[in-house]
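Novice: Chains A and B, in that order, give the protein sequences. Position one of the first sequence corresponds to residue 1 (our numbering), numbered consecutively onward. Position one of the second sequence corresponds to residue 1 (our numbering), numbered consecutively onward.
Misleading hints may appear alongside valid ones.
Have a look at the derived ranges for each label pair, beta carbon to beta carbon [unchecked claim]:
| id | chain 1 | residue 1 | chain 2 | residue 2 | range |
| --- | --- | --- | --- | --- | --- |
| 1 | A | Trp296 | B | Gly178 | 45 to 55 Å |
| 2 | A | Thr57 | B | Arg194 | 45 to 55 Å |
| 3 | B | Val22 | A | Ser146 | 18 to 28 Å |
| 4 | B | Ser54 | A | Ala165 | 25 to 35 Å |
| 5 | B | Ile166 | A | Glu196 | 24 to 34 Å |
| 6 | B | Pro182 | A | Ala165 | 51 to 61 Å |
Reference listing, derived: stretches of chain A covered by chain B, where coverage requires no fewer than 3 residues with Cβ under 8 Å from a Cβ of chain B [stated by the list, open to error]:
| id | stretch |
| --- | --- |
| 7 | 265-273 |
| 8 | 282-289 |
These aren't lab readings, by the way, just hints derived from the structure by calculation. All residues carry an ideal CB built from backbone N, CA and C; glycine is no exception.
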Amino acid sequence: MSTHLAARRSRARARDGWAALGFLSPMVIGFGLFMVYPLIASIVVSLYDWPVFGERTFVGLDNYRSLLDASTFWTVLRNTLVFVLAYVPANIAISLGLAVWISPRIRGRGLYRALFFLPAVTPLVANAVVWQVIFSPGGFAASTWSSVTGGEAPNFLGSSTWAMAVVVMLSLWQGIGYNLLIFSAGLDALPEDVMEAATLDGAGTVRRFWSIVLPLLSPSLFFALVMTLISSFQVFAQPFVLTGGGPGDATETLVTYLYRTGFERFDMGMASAVAWVVFGLIMLVTALQFLGQRRWVHYGD
Amino acid sequence: MATDRAPRPRPAWVSQILLTVVLLCYLFPFVWMVATALKPADEIFRKPPTLVGSRLEWANFAGALDHLPLWRLLWNSVFTSALGALLVVVVSVPAAYAFARLRFRGSNALFVCFLGTLMVPQEVIVTPMFLLTRELGWDNSYQALVLPWAFTAFGTFLLRQFFRTIPVELEEAAMLDGASRPRVLWSVIVPIARPAIAVLAVFTFLTYWNSFLWPLVIVSSMDMATVPLGLQMFLGQSGNRWDLLMAAATLAVVPMVVVVLLLQRHLVRGIALSGLGGR
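When you get a sec, could you build the whole thing from the sequences and use the hints?
Specialist: Here it is as structure tokens:
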């Protein structure tokens, strides 16, 4: 009886094996060609002097070495870190605040959420171009500034201090929508009786938020934080379109630098080296977050 | 005793009005975009700024359409995004099912391999991907826009997590009735998982729709450009025709406004259902 059962099980398992082969092969073939192969190739390319046209030569770690020696690299790294430090906390705070604000007492919540989400899905170059018009010299921001203060307005996109601030604001404008939706979904899923019990106990709104809502929401918060940090290290389109990395290299980020290295100066080896530095940074920061999550993220009961 | 009392919440209507004001400020760039699109060119940078010019210049829209093949761009964007979303769903659903339910040799190792690439940013592989697509002779083509990014681990992972929440008994009942694995997947699992699949499709669509770096790298002509890239090219060619640029931007933004308003009910529910929010 038991051997019979075992035989049937192994037949089922063999059938499963064939089914798995059929189910997985489209994905695995594509994955191999378009993920694994380029991933390995990018390590290889980063070890070469690899112009798009012409001879390539093996140079070992030279690309990484000259990258770390280039002052531009340290500038774009600093710019990227400034962007991350300004953008991520502001994004989380604003989107969480809005998600809480759009509470069940607000009528038409779906509409509010959708409209705050809107800039996340409108073409980002369109967004950037609109911001360019608003912040260009003589544009809405500058004219309003001088009407209000009576003085001369700064050249927002042409000043090395203002340009990064505008890049951050544009990124916030189009970036908070996703997190707003994630927090809203998290808030909607909170058990109503817990919230009610907290109110009956006389917990004030602020205390209720810090001691009940926030811990219950911590898985969503963790998810949003990880994703937002990862994407902020990859910021590209906003500085590229809005300021072109300028003035000078004041808003040049790691990825705009990568683009210029690989696709304007056609130095594929160096571009791949930059890419691995970006990846390394992202892995480091994500690993730190996963290590730290035990302290503040509460899953389930 | 009175000091212990929680502060009285603001009445709902105050909160509502404040929120509406914040929302209007938030949407101001769109308002300014439409306003600028309707102004005569020499009135765009007026001091003090006015919302409406001396006349409504509807001709800007015709002008934008003259300089920019907007319908072509919209078609390219919609077509590649829709095809990308479809492809991702079609390859991810069976793969996710295999990982969720089928027992086969090496399944764990393969799945870990998948997971390991979840965090790989696009930039890391954009250079070799460019070399590969050129090697394949695909530059400036639809397949180059769609195929390279359709086989990521994200969809497989998302759906596997969802499939595992479906009770196994449902499948066993169908299998006892003689249904094959593909049959079970198609008629038992897929109908139940429809919300998760829809979320995957929508998010993939948006990822393609907003993709900028890759089209910039791989597309060189206006007729193959997507909306973001086309606007960028137009910006490069005619940097100071702000009136036309704003008209073009308006035409590119409007379809998304319609889509978001139509989908508003599903936005939050989709995220909650699919477990995308980290739950």
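Novice: What are the numbers of the hints that this structure violates, sorted from low to high?
Specialist: When the structure is compared with the hints, none of them turns out to be violated.
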